[in-house]
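Visitor: So the chains spell out like this:
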Amino acid sequence: MPASSTFARSDWEILAGFWHPVAYAEEVAKGPVSATLLDVELVLYRSGGGVVAALDRCSHRGTKLSLGHVTDGCAVCPYHGLLFGEAGACRGRPGMNGPLPGLNLATQAVSERFGIIWVCLRPAARFPLPDWRELEQADIRSMHLSDVWEAAASRHAENFTDLAHVSFVHASTFGDPAAPEIPPYAVEHDEQGLTRMIRYQEIDFDDVTGQNLGPVPTLYRYRLSLPFATWLSIEYPHRPIRHFMDVPSPISARRSRIFLIAASPDPRFDPHAYHSFQSIVNREDRAVVQSQRPEELPLDLREEVHLGADRFSVEYRRRLAALGLGSDFSA
Amino acid sequence: MFGPAKKEAATGLPRDCTFAADRWQALAQQWHPIAAASVVSPGPVAATLLDERLVSWRGGDRVSVAKDLCIHRGAQLSPGTVKAGELICPYHGFRYSPGGACVLAPCTGSAATALPAKLHLIMYGTAESSGLVWVRLASEGPPAPPDLGDFGTGAEVWSAAWKAPARLAVEGILDLARAGESPEAPGWRVRTIGPFSGTIDGPGRTAFAIQPISRTACGLFLAGAAAPMAGKLLERLQPVVESLPATDGASSEALLAGDLPVASYRQALIALGLD
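Chains A and B, in that order, give the protein sequences. Residue numbering for the first sequence follows numbering that gives the first Met the number 0, beginning at 0 and increasing consecutively. Residue numbering for the second sequence follows numbering that gives the first Met the number 0, beginning at 0 and increasing consecutively.
It should be emphasised that the hints constitute simulated quantities derived from the structure, not laboratory data. C-beta atoms are modelled at their ideal positions from N, C-alpha and C, and glycine is treated no differently. The reader is advised that the hints may include incorrect statements.
[As the list claims (entries may be wrong)] Facing chain A, a subset of chain B residues (Cβ under 8 Å, in silico):
id, residue
1, 1
2, 16
3, 68
4, 72
5, 80
6, 84
7, 91
8, 92
9, 100
10, 104
11, 113
12, 118
13, 122
14, 125
15, 186
16, 190
[To be verified] If you want a taste of the chain A side facing chain B, the calculated C-beta under 10 Å gives, among others:
id, residue
17, 88
18, 91
19, 95
20, 149
21, 154
22, 157
23, 301
[Stated by the list, open to error] If you anchor each label on the Cβ, the simulated ranges turn out as follows:
id, chain 1, residue 1, chain 2, residue 2, range
24, B, 78, A, 266, 46 to 56 Å
25, A, 321, B, 9, 22 to 32 Å
26, A, 270, B, 109, 37 to 47 Å
27, B, 102, A, 279, 24 to 34 Å
28, B, 238, A, 125, 50 to 60 Å
29, B, 10, A, 61, 36 to 46 Å
30, A, 278, B, 9, 32 to 42 Å
31, B, 200, A, 292, 53 to 63 Å
32, A, 310, B, 28, 50 to 60 Å
33, B, 100, A, 326, 26 to 36 Å
34, A, 278, B, 160, 49 to 59 Å
35, B, 146, A, 274, 38 to 48 Å
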């Protein structure tokens, strides 16, 4: 855990054992790219066939490698020109010396999938990556969105899986103010997280023209992979299914980078237009979640008040506590 | 990132409180202004008092002040709306009566659904006088705000926010009209009534009241027909007061012979445990 960590120690230790997104793959064409995960500053670059994720610190004098550049698959330190290649191996300086294994970078477990670079700060992750195989179907069309919220990743994840706010926070986009009721629903548990299925009436828009098409009955299916990743599919009566893959990356305890992918096999799905629409929805959510106090998601269920619609949120908080999170509140 | 799975008893102090605990508790027992009454029509209006985020709104003819927090999911209420005297949370549309009780949770689908009694805003003692909305955060303390005079419901109110402690703003006003000798404010007489409030007698009668926002920030209110004129003088004073070192205690600074009003004001604050 870094000395300046904003997390309680035990929370950091537990969260470090999971995969978290740190960048969209397309952002790391060559690198170097900097990213912060759990207050740890990382550098990402491409070398050989894969991505290297390492502490953003040259092992020679501690310089940030992300300030340098990448040449021939090697990250070049901006200070003294040391070269780092595959697996963070130090190759010395051009024309001066050979490999210097003592200066190899502190690399982290890294995985590239679903168009996202994932990092785990432990050698072995507690769970595999979330199962978002729908995104890898041949005929799928997709768009992705990025943002930074001044909010805890846990607050973001809970908001993404909450339906009761849609009629109010999204009243000017896809929420139906006339249908705020959330009928009773069941929450299913599996080893990696939670699922639920619920019928919901939303306001439909034509992606391209923006025309309000009125209320439509839909079926929402959620699958949350602990700690923060959610897959949501929405089935419509009049058009093909849409998938949403949302995962906030905990930059620090109260700041998160949002990764949201929307995808559909619908040939009429317009990624550009849908990105504009989802950007508005994102801003609507961001304003209210950033206002939540305490910033930390309360894992003691007595701290906030829960109604029937909050069943998923209650089970989510229980599962987070069962991972051991929230057991130390010294930060 | 996470609140504790087993929460300890709350201290009652705001999160990230900038005051020492005993100072905060003494200040919380006093009445402080948070807004011009005419601005809360019907609201919601956000304000910060002693580091606590507050929301005020008007339900019928009375002003309500609550912690700016919906206890359901912790959302801030002040970006919400007021309809028929009820404060509506912007997150899930929960509606709160002027007394702070939740009267409707739309996700339950029916107004008749019994809601948990715990679904209640954290309310504070509230009063309207001298054209201002006053709040007392603690349950104990004086029964009413300091009487600065009645300016009627249409009182002219001037307000400003300074990056200075409330005490220094009051001392600045005392200095400005030191025994009525100041060329800036000829003939002014300043009298403190509450810890951070009082009256200015000069061309007309003006009430002043300072809102301690945090240890280093305050809000200023002037009420009365001459408020805009007095406000213009205070605007010139603002950079001087903001440049003063924000010391915690009043006793460490040098006092000269002409500083008698300031000296006796400081003694009064110390006696109240407020400085």
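Visitor: I'd like to know which numbered hints this structure contradicts. Please list them from smallest to largest.
Guide: Those not satisfied are hints 2, 5, 6, 9, 11, 13, 14, 15, 16, 17, 18, 19, 20, 24, 31, 32, 34, 35.
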